Amino acid sequence: MSTDNYSIFSVLREALRGHTGWKPAWRDAAPKAAYDVVIVGGGGHGLAAAHYLAKEFGVTNVAVVEKGWIGGGNVGRNTTIIRSNYLLPGNIPFYEHSMKLWEGLEQDLNYNAMVSQRSVINLFHSDGQRDAYARRGNAMRLHGVDADLLDVAELKRILPMLDYENARFPVKGALRQKRGGTVRHDAVAWGYARSADGRGVDIIQNCEVTGFRIEGGRILGLETSRGFIGAKKVALACAGNSSRVAAMAGMRLPIESHVLQAFVTEGVKPFIDTVCTFGAGHFYISQSDKGGLVFGGDIDGYNSYAQRGNLPTVEDVCEGGMALMPAIGRVRLLRSWGGIMDMSMDGSPIIDRTPVEGLYLNAGWCYGGFKAVPAAGHCLAHLIARDEPHPVAAAYRLDRFATGRTIDEKGMGAQPNLH
Amino acid sequence: MRIACPFCGPRGVDEFAYLGDATVKRPNADAPDALPAFVEYVYLRDNPAGLHRELWQHALGCQSWLVVTRNVRTHVIDQVEAARDVAAARSSEAE
Amino acid sequence: MSQSNRLAAGGLIDRASSIGFTFDGRRYAGHPGDTLASALLANGVKLVGRSFKYHRPRGVLTAGSEEPNALVELRSGARREPNAKATVAELYDGLEATSQNRWPSLAFDLMAVNQLASPVFVAGFYYKTFMWPAKFWEKLYEPMIRRAAGLGRLSGEADPDSYEKITAHCDVLVIGSGPAGLAAALAAGRSGARVILAEEDFALGGRLNSDRRLIGDKTSAAWAAEAVAELESLPEVTVLRRTPVVGVYDDGVYAALERVSDHMREPGAHQPRQRLWRIVAKRSVLAAGALERPIPFGGNDTPGVMLASAVRTYLNRFGVAPGKRAVVYANNDDAAATIADLAAAGCEVVAVVDARGDAPALHAAARAARASLVFGGAIARAYGGRSLKGCEIVDGRGGGFKVACDLIAVSGGWNPSIQLTTHLSARPVWDDRLAAFLPGARPVGMEVAGAAEGAYGLGDALAAGFRAGAAAAEACGFAAGAVDVPATDQEPGDTHGRGPWRSPVKRGKAFVDFQNDVTVSDVELAAREGFKSVEHLKRYTTLGMATDQGRTSNVLGLALMAEITGRSIPETGITAARAPFTPVAIGALAGAHRHKEFRPTRLPPSHFWAEEQGAVFTETGQWMRAAYFPRPGEKDWFESAVREVTTVRTAVGVYDASTLGKIDIQGADAGVFLDRVYVNAFSSLAVGKARYGLMLREDGVAMDDGTTTRLGETHYYMTTTTANAGGVMRHLELCKQWLWPELDVHFSSVTDQWAQYAIAGPRSREVVAALVDEGFDVSNEALPYMGARELTVCGGVKARLFRLSFSGELAYELAVPARYGDAMIRAIIKAGEPFGICPYGAEALAIMRIEKGHAAGPELNGNTTAADLGMGKMLSKKKDFIGRTMSGREAFLDPERPSLVGFRPVDRSARLRSGAHFVPRGETPSAANDQGYMTSTAYSPSNGHWIGLGFLARGPERMGEIVRAYDPVRGGDVEVEVVSPVFVDPEGARLRG
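Protein chains in written order, with UniProt numbering: chain A, 1 to 419; chain B, 1 to 95; chain C, 1 to 993.
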């Protein structure tokens, strides 16, 4: 590895010489003429795929091309939550695989991404919701995933700031996944980039894909703003823009692009120690290590590539927040941002081959892409290297819409803005 | 965002419910290839990063379904039409 | 304590009146018109806070909402407000402020030990360590970091104040009330346009109040006061003080936050704390001004270092001398006014350090103030710890000297406040001449005027404001006419500040982002490690991410990165702001939507009667429904519900079914239309008959069900589930308007128009007979099962009577116009008394529908098909309908799909729970053995044991088989027998009787 080994000792050593000895976390590479594999998209998924290709599958002649700066898309525009509390058998093994990779990530990458397993708590407010969460928790347990139901007395101890007295929709309990939590999102992109770079992967920033060269149904390479790059295999990991990029390869996808807003408040001393979701409104919240309350809610609900949303959604989310925990009334919203989501038609992702030989698709992550980063990278690397899906991602097929084997956690059908 | 309902005038986006792409057309169920045609109709979308024709309903107003032509990069709305007029024009074209 | 630094005269404060306040428990006095910061400075208090990471002592840097340092907790108890900017907080009598992020006290902060470790605590150090052992992160490292981080504390108690929202429409919104803003508002207001002028400060005038300028023959502050008076006299002009515009949204929507009562001890009666304005403006004029930027040098965070323009604000607006011996450090001519104003206020200016080679304006000012002047020099270092004691100055030729001072006024040029131009994603444009970012594409309808677009001169700003205000009014159809722009006095020279961006001397920590403790060295480290784009810089070092939103640090950090990496500023990146412009309390964005008012509450017509009966209610979406009606002696819901079920099954009960969605459907093609939206046929339904109908989504999954009645040849009456009423209505409208506009059919939601009561039980016919008016026959022959008719009840009240049964008993649903709903329930109860009637609630209803195996919400969960629900045979083969084609997909025909069956416990005393999963008997619970799940369970009084409904793979083929209902999250593991889902009267004899 060309990079420094990070440790308390290297930090102390550098402290003594004014930190002048650190090397760049990754090289700012220029494109070579050709690679075995080119990954489109220098976000979490693409960088993770490069890392696992190099580390687990021995494929190192790899480039990641990114139209802007790495980590500038959704891996840097989310609410940092990780969890594997899914309902359906197509999803649970995949997200649990991701959770296990999160649990060993920092040692694997030699980078502290602050994986914090502080638990994710989903509140319920009616008997029907309780039963639905019990079904989910039982499904998780059948897959070997941790889950437990909390009653109100336990909740009052863990989340004393909730409105238990005067709520429009009284809190009746919660489903908890203790191993869920948060991760310092930017660090995930940087950690994977640094590791992949150290294993020989070229990370090429400011390199926009403008087309694909396909002959006889087989991929030969891609046209970019920095010239043609030959490739035996190309993988798309550009959620938010999947439809646009896939269109260059002649494909239409079961995806719409939508904007999801998220919010952070001014830093305050520790207030909430877990991730908590409101079951009767659109609101979820956690607190960053820096002190900001990080929260979000529903997508704006209309197609958008604008990375920003509108006021009614902001109000809706804050209304949910005040309904759930009226103690946050005086803390101030500091920043909001919008990310463009690949909202798929069933709310679940796609990791699959495409009709073009050598072209692979990783798309449709809805608002769940961040927690999936390690597993998506690993399963995409597996698909590229072995040309067959990883068993935990076997349900994420592109043809499931034709066969009817859709994976619809929310039961909303083919309406992306409701997932 | 504000949408100029042709019947009620410009109103805040919070009065409207969104459905999606207005360019897809429900296939003929009796055609021999009806199933693949329905799969495309229900699931596949152009999802363009520019002008998008899309269905909205003035749900907290007159209940009209509308075809809105909107730039999804800038959110600027070019045109708002009553869906029934668009549908009628589309079926008369088809004939 | 006396106000030792209060000047003898001047300022926009009310000297006649004195108000008391406390800071860290000590009592001080100030005047109305002060901010907390100006009052603290007047009292000689310089140390007001501690920094985020190193706990360095900090003082007041600015005089506005860009303040990074002077953050305090305001008020106490449940009203405690963390991170309040002392530079914005308006002083009121009894104000309580407390310093934050220090222990045990502000002056003696043990956490300042962090400074010793500061060689380690550089940007991003935490990404490189705290990794071993892995499990220590949550247990040790993270709690330690979290306790140290954050600034102020939340009270932890519910916010006791209220908030409200208002929507306002105007022609022209003017943002900011400095020279350009006042001029724009005057020009637009005089034309008769509806104008809203929004100003974040409590005083209108912006820098007109901070600087001693002349407009015509008036002082700038006097001109501002006259302009405000004129604006307030114009009937179509609304002036909003204390109201920053915080967000720009699509199509001329602006969010603004009015601090209605933050300048009082607590809000008055019926007064909100803050008010969120949603302003819909045809045009807007952004006149937000510009903010000065600092020049980093070692120790530039020592209390006593202040922006030069802020020094003038304290002198001129507040009548406060922020120091007695000042050094001025500048790279542009704007500081000339600071030198002059300091001298005029009687402060000593000991040295003027001009970072440039030679600049006549500062030369002249320095000479007039008898200050020594250093050209091409820099401040090497400031010192003094908790209060500035002096600084070391270097000249351009290698010499240097120390001077004692208690104030350093710094001027590094100006950043136009263009944040609101970028909220809609427009990219700002770098201007080399101004050394500043200027607005790029404006949001539709917005003009930018004055310093916000780089017109820093007072005369230019006034002219631009009048022009923009007039143009905006004219765009809205008003005649603005010509404007006389008043003359102004001599403008300062070159105020652009094109660098140097920092002191060339590296001695000690030179801060770029004060609040987040990001230094010049941190920017260099980021560059060294490859975090060279502005996005990487911000994220890696946290530069610009603090509560000041990087107002004083973003552009500076970018410029330093450009300098370090040898690139231009535009190559390095562009900083674009997102909403909100200034931080907004979450309570304000929520408004009144909290507690019970979070969402509307819908009450069915019998609600108040049910309350009188002592009913216990439950939330069903927005509806409140009676869950059960307890009787004396019943100890819980279970006893009451079981008694209610037994009464219905043996006598008669009444239930308010009004929450079901009800849709009136009329038109010549109504029958054809229903054939297309339901899987089964309705055009063939006879008039006066009802039929159960199932709707699918186009993807073939069950969407909703209910009964629809044909009331006439062209008239149907549909019911939907309570939960899906809105969605079904929307779906019908879409089908009609978009898919089949040629059909003659129309819909009207009548959910709220009809009160509808289910009267169920073997004695129900007798009750109904007692209610209907004479001449109407309700016998089994005249009104058989699934029959319906319109009639009158109780002496002429129009009604509809349906022979429908959800409970499985002989039953009717009686609908009357909603205004009779309350009277109707009372009449039903009265008529039913002889037959032993009781009201029943949602719990009893749920038990009875499970006993009858009717699918409801838990079964119609958005993933189940008609076949899954046991209704596969209902799908018509004679017609197309929504969902028909997609129902033929291969997975829908998979025989392994879990299908609806009933369950009963092998041990009849065992309790069943919904949400349990089915595992074959004798097999290990695992994903591979997961065969389905329980959807609904109830104790069945009719059977004397618990029963359940659920989806089981190949369920209908497995009658009599025993499986495990596995429920680990509740510790349940019960053996159950697969049975028919109909537990009561499977032949349906009762409901037809």
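If you are wondering where the hints come from, they were derived from the structure by calculation, not from laboratory data. All values derive from a computational prediction rather than experimental measurement. Where is the CB? At the ideal position from N, CA and C, for every residue including glycine. Keep in mind that the hints are not guaranteed to be accurate.
[To be verified] Computed list of chain C residues with no C-beta within reach of chain B, every gap over 10 Å:
1. Arg146
2. Thr167
3. Gly252
4. Ala344
5. Val429
6. Asp460
7. Asp489
8. Gly726
9. Arg730
10. Gln737
11. Trp738
12. Val750
13. Leu875
14. Thr885
15. Asp907
16. Gly972
[Claimed, not checked] Which stretches of chain C does chain A cover? Using the computed rule of at least three CB atoms under 8 Å from a CB of chain A, they are:
17. 581-589
18. 688-700
Taking the hints in turn, this is what the structure says about them:
1. Residue placement check: Arg146(C) keeps its beta carbon more than 10 Å from all beta carbons of chain B (closest about 37 Å).
2. The beta carbon of Thr167(C) sits about 8 Å from the closest Cβ of chain B, which is not more than 10 Å, so the claim that it is off the interface is violated.
3. Some Cβ of chain B comes within 10 Å of the Cβ of Gly252(C); the nearest lies about 7 Å off, and the non-interface call is violated.
4. No beta-carbon of chain B comes within 10 Å of the beta-carbon of Ala344(C); the shortest separation is about 51 Å.
5. Interface exclusion of Val429(C) from chain B stands, the closest Cβ pair being 18 Å apart, more than 10 Å.
6. The Cβ of Asp460(C) sits about 31 Å from the closest Cβ of chain B, beyond the 10 Å cut-off, so the non-interface label holds.
7. Every CB of chain B lies more than 10 Å from the CB of Asp489(C), the least distance being 43 Å, so the non-interface label holds.
8. Not every Cβ of chain B is farther than 10 Å from the Cβ of Gly726(C); the closest lies at roughly 8 Å, contradicting the non-interface assignment.
9. Distance check on Arg730(C): its Cβ comes as close as 6 Å (rounded) to a Cβ of chain B, failing to clear the 10 Å threshold; non-interface status is violated.
10. In this structure Gln737(C) is not separated from chain B by more than 10 Å, as the shortest Cβ-Cβ distance comes to only about 4 Å.
11. Listed as outside the interface, Trp738(C) is inconsistent with that label: its C-beta sits roughly 5 Å from the nearest C-beta of chain B, within the 10 Å cut-off.
12. No Cβ of chain B comes within 10 Å of the Cβ of Val750(C); the nearest lies about 14 Å off, and the non-interface call holds.
13. Here Leu875(C) stays apart from chain B, with its beta-carbon at least about 13 Å from theirs, past the 10 Å limit.
14. For Thr885(C), the condition that its CB be more than 10 Å from all CB atoms of chain B is violated, with the nearest at approximately 5 Å.
15. At roughly 46 Å, the least C-beta separation between Asp907(C) and chain B is larger than 10 Å, which holds for a residue marked as non-interface.
16. A cut-off of 10 Å between C-beta atoms confirms that Gly972(C) is not in contact with chain B; the least separation is 39 Å.
17. Here the segment 581-589 of chain C counts 6 residues with a CB under 8 Å from a CB of chain A, which clears the bar of 3, and the coverage holds.
18. Judged by the Cβ-Cβ criterion of 8 Å, the segment 688-700 of chain C is covered by chain A as claimed, because 4 of its residues qualify and three suffice.
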